[in-house]
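Those protein sequences? They're chains A and B, same order as listed. Quick note on this note's numbering: the first sequence kicks off at 115 and runs consecutively. Quick note on this note's numbering: the second sequence kicks off at 115 and runs consecutively.
Errors might be hidden in some of the hints.
Since the list gives no way to pick one copy over another, a pair counts as held whenever it fits inside one copy or between any two copies.
[Unchecked claim] Here are the simulated DMTMM-like pairs of lysine to aspartate or glutamate, each with C-alpha atoms no more than 25 Å apart in a straight line: (1) Lys241 <-> Glu221; (2) Lys241 <-> Asp222; (3) Lys372 <-> Asp418; (4) Lys372 <-> Glu402; (5) Lys250 <-> Glu379; (6) Lys241 <-> Glu223.
Simulated from the structure, these hints should not be mistaken for laboratory data.
Protein chains: 2
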Amino acid sequence: MRVAILAHENFPGRAKTAIGVLRYGEQEVVAVLDRDRPGERVRDHVPDLQDAPIVGSIDDIDEDLDALLIGVAPIGGGFDESWRDDVRAAIERGCDVISGLHYFLSEDEEFAALADDHGVELWDVRKPHDDLTVSKGVAADVDAEIILTVGTDCSVGKMTVSRELYEVAREQGVDAAFIPTGQTGIMIEGWGNPIDRVISDFTAGAVEEMILEKGNDHDYLFVEGQGSILHPAYSGVTCGILHGAMADRLVLCHVEGKEAIRSYEDTVLPPMDEYAALYESLAAPVHESEVVAGALNTAHLESDDTARQAVDRFETELGVPATDPIRFDAETILEETL
Amino acid sequence: MRVAILAHENFPGRAKTAIGVLRYGEQEVVAVLDRDRPGERVRDHVPDLQDAPIVGSIDDIDEDLDALLIGVAPIGGGFDESWRDDVRAAIERGCDVISGLHYFLSEDEEFAALADDHGVELWDVRKPHDDLTVSKGVAADVDAEIILTVGTDCSVGKMTVSRELYEVAREQGVDAAFIPTGQTGIMIEGWGNPIDRVISDFTAGAVEEMILEKGNDHDYLFVEGQGSILHPAYSGVTCGILHGAMADRLVLCHVEGKEAIRSYEDTVLPPMDEYAALYESLAAPVHESEVVAGALNTAHLESDDTARQAVDRFETELGVPATDPIRFDAETILEETL
Numbered sequence: 115m116r117v118a119i120l121a122h123e124n125f126p127g128r129a130k131t132a133i134g135v136l137r138y139g140e141q142e143v144v145a146v147l148d149r150d151r152p153g154e155r156v157r158d159h160v161p162d163l164q165d166a167p168i169v170g171s172i173d174d175i176d177e178d179l180d181a182l183l184i185g186v187a188p189i190g191g192g193f194d195e196s197w198r199d200d201v202r203a204a205i206e207r208g209c210d211v212i213s214g215l216h217y218f219l220s221e222d223e224e225f226a227a228l229a230d231d232h233g234v235e236l237w238d239v240r241k242p243h244d245d246l247t248v249s250k251g252v253a254a255d256v257d258a259e260i261i262l263t264v265g266t267d268c269s270v271g272k273m274t275v276s277r278e279l280y281e282v283a284r285e286q287g288v289d290a291a292f293i294p295t296g297q298t299g300i301m302i303e304g305w306g307n308p309i310d311r312v313i314s315d316f317t318a319g320a321v322e323e324m325i326l327e328k329g330n331d332h333d334y335l336f337v338e339g340q341g342s343i344l345h346p347a348y349s350g351v352t353c354g355i356l357h358g359a360m361a362d363r364l365v366l367c368h369v370e371g372k373e374a375i376r377s378y379e380d381t382v383l384p385p386m387d388e389y390a391a392l393y394e395s396l397a398a399p400v401h402e403s404e405v406v407a408g409a410l411n412t413a414h415l416e417s418d419d420t421a422r423q424a425v426d427r428f429e430t431e432l433g434v435p436a437t438d439p440i441r442f443d444a445e446t447i448l449e450e451t452l
Numbered sequence: 115m116r117v118a119i120l121a122h123e124n125f126p127g128r129a130k131t132a133i134g135v136l137r138y139g140e141q142e143v144v145a146v147l148d149r150d151r152p153g154e155r156v157r158d159h160v161p162d163l164q165d166a167p168i169v170g171s172i173d174d175i176d177e178d179l180d181a182l183l184i185g186v187a188p189i190g191g192g193f194d195e196s197w198r199d200d201v202r203a204a205i206e207r208g209c210d211v212i213s214g215l216h217y218f219l220s221e222d223e224e225f226a227a228l229a230d231d232h233g234v235e236l237w238d239v240r241k242p243h244d245d246l247t248v249s250k251g252v253a254a255d256v257d258a259e260i261i262l263t264v265g266t267d268c269s270v271g272k273m274t275v276s277r278e279l280y281e282v283a284r285e286q287g288v289d290a291a292f293i294p295t296g297q298t299g300i301m302i303e304g305w306g307n308p309i310d311r312v313i314s315d316f317t318a319g320a321v322e323e324m325i326l327e328k329g330n331d332h333d334y335l336f337v338e339g340q341g342s343i344l345h346p347a348y349s350g351v352t353c354g355i356l357h358g359a360m361a362d363r364l365v366l367c368h369v370e371g372k373e374a375i376r377s378y379e380d381t382v383l384p385p386m387d388e389y390a391a392l393y394e395s396l397a398a399p400v401h402e403s404e405v406v407a408g409a410l411n412t413a414h415l416e417s418d419d420t421a422r423q424a425v426d427r428f429e430t431e432l433g434v435p436a437t438d439p440i441r442f443d444a445e446t447i448l449e450e451t452l
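Next comes chain A alone, as it looks inside the complex (with noise of 0.2 Å):
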C-alpha cells in the first residue's frame, strides 16, 4: 500500500502516528505532508526511519496513491480545519483516508459523501466496535506472559518500545504478538481496539478482550501501554490498561530530561524507582506486576556519549536495567521481559 501521511505543522516532533507507521508500517511512505518544511525530508530529521520526501500539499505528489493517512493526533483528537482542501483532494483522487482522530471522518456530511461519489474508503481507526464490555478481570488467565509498556507521560515511546521488543523477539524465534491499543499500533498491526475513545467503563474490558483473543496462541504478548496513571487527563485510560492487561512484567518508558507532564506543567514527575513503585502498588491487588526494566528516549540528545550517561543516571533511579532500545539496543530490556 503506497501512502502519504498528512503531518503540517508538526513533523516530525508532534506527529508520533507518523513516526510510528514510518518505522513500524507495512505502508510504503511516498511523502510526508507538511507546510512548514516543503523540500526537506524525513531523513533529515529522523535518521533510523524509512524515508520520504516532505510536501506542501497532496497536490505536490505526482506518484500514484492508496490512501492518506493522517500522522498527527492534536489534543482533544479534533480535525483541524487547515486540512480539509489535502483530505478533500485525497478522496478526489481515489485515495482511501485512515484517520486515528476523536472526530471521525466517515461522519463529516462532505467527506462521506464525496468518499462515496468515489468509491473510496474512510477508516477511523479510533471507532470502537459495537460489542465491547466491562472486564472480566481474567487476562491473566492466558497461556502467554504479558508485558505491558507503561510511560512517565504521553508521547514518551511506549507503543515503540512494545513495537520494538515484539519486532527482537520474534527475530530471536520467540513466539510473541503485538496487542496494539492506541492509533498508531492499530494502524501498524490493522487490527485493535482504540482504548482512548471507547466507554469509560469498558477501558480494561477492551484490553481484556484483546488479550484473550491472541493470549493462548503465543508465549508473549507485549501490550502497547498509552498515558501515564499520574497524567492530569488521561490517567483512566492508563489505569484501565494496567487493570485490565494483568500484564506479568512492566517496562518503564521516559524522555531524558522530562520534568512534569507535558502540557500540564504543574504536574511534577516523581523520582523514577517512585514511580515505578506507584505503578506496581496499583496493579498487585489486581495482579502482581514488576517494572523490570527501563526505556528511557534519548532522540533529542546528538551524542551517544551524552545519551549513554543518561542512561545509567535513569538506570540507577529507576534501580532496573535500563537503556534506549531504538539508539542502543532492545535486547537489554527484551531479556529482563522473557
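Following the hints, position chain B against chain A.
This is chain B only, laid out in the frame that chain A set:
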C-alpha cells in the same frame, strides 16, 4: 412527579438507584416493581426511606403515574428483556421512562416508535452530551473546596455519603453543591455527566467541566465518587474522577465485612490505611488530597452495638475519624471535610 421504580429481582440489595431515589429524590414514589416481592413494602426492607408498596408489574398500579424509572444497574448496563413488558406498558399509559442503563431506550426501535406514538419522553441519563473534551487540569482553581468520596469497591455508599454530607451541610447553612457523576446522582439532581459512559479520554474532563460550572458559586462541592482505583473493571473511571476532581479532601467509603471486590473475589482489599494511602499517592502529583474521614456502611448489621464496634475497628484501621453517616450521624464526617 409521581414515579414507579423498576427493580425486578434486585430490591433492595442490588437496586442502589432505587434506594438512592427513594432516599434523596424529590419524586413521589408510587410503587416499586419487583416480581419476587409483590405485596411487601419498601419499609419492610429499609426502614429510613420513603415508603411505597412493592408490586409485581406496572399493571398492578392503579394510580396516575408520570414516569417509570429503571432502578437497577446490572453489571455491563444491559437491558433485561424480562423488563420489556413493563416498559412497553408504561409508555402505553403515557409515562416517560427514565433509565441509567448503558443500553439506550431511546435507540430501541420498539420503544422509540412507541414513545413517539404516545408523546412521552425516553430520558437516557447515561447518554453523555456531545461537547465533552479532555481535562485541562484546572478544577482546583475554583473558589470552592472540593470533597470527593472514594471507595473500597462499587456499591459501598459513595453517592449516599456525598449526598448525605451535602444535605447536612446545607441544613447547617453551609453553601454547598452536589456534583453527580453517576446515574442515581443524576436522576436525583436532574443534571450531570455520566462519567462511566463518557469516552475514556474524557473521563477527567467530564468531571472537571461540572466543577468549573458550579465551583465559583459555592463554598463547598461534594463530588460523588465511582468504583475504586483497585476495581479490575472500573478503576479507569475512578482514577479519572480522582485526577479530574482535584479534590482537597477525600472520604473513604467501605461496607463492613467486605474483604474482596464483588464478583472479582481474587482482588482482595488491602488494609484500610494502605488503601487510603494508595488513593493519596495517586492523587498527590496532580493535586494533594488527604483522606480525612471514613464512612462505613453497616446497614446489614442488626444491632447498633455491633455496628458501633465495627465503626471503631474501621476507624482504628483507617487512622482517621469514621462513622456510619446513615445509621448514626453525618456530622462527625462533615466536620472533618469543612
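Notebook entry, point to check: Between Lys241 and Asp222, at a C-alpha cutoff of 25 Å, which is it: within one copy, between copies, both, or neither?
Noted result: Both: 14 Å inside a chain and 21 Å across chains, each within 25 Å.
Check: Between the shortest in-copy and the shortest cross-copy C-alpha distance, which are at most 25 Å for Lys250 and Glu379: within, between, both, or neither?
Finding: Answer is between; shortest inter-copy Cα gap is 11 Å, intra-copy 36 Å.
Checklist line | Same-copy or cross-copy closeness of Lys241 to Glu221 [CA-CA at most 25 Å] | finding: Close inside one copy (11 Å) and across copies (19 Å); limit 25 Å.
Next item on the list: First find the shortest C-alpha distance between Lys241 and Glu223 inside one copy, then the shortest across copies, and answer within, between, both or neither for a cut-off of 25 Å.
Entry: Close inside one copy (17 Å) and across copies (23 Å); limit 25 Å.
Note to self: If the cut is 25 Å between Cα atoms, do Lys372 and Asp418 qualify within a copy, between copies, both or neither?
What the structure shows: Answer is within: at 18 Å inside a copy they meet the 25 Å cutoff, but 54 Å across does not.
Check: Are the CA atoms of Lys372 and Glu402 at most 25 Å apart within a copy, between copies, both, or neither?
Finding: Between copies, since 21 Å is at most 25 Å while 28 Å is not.
In this structure, none of the earlier numbered hints is contradicted; all agree with it.
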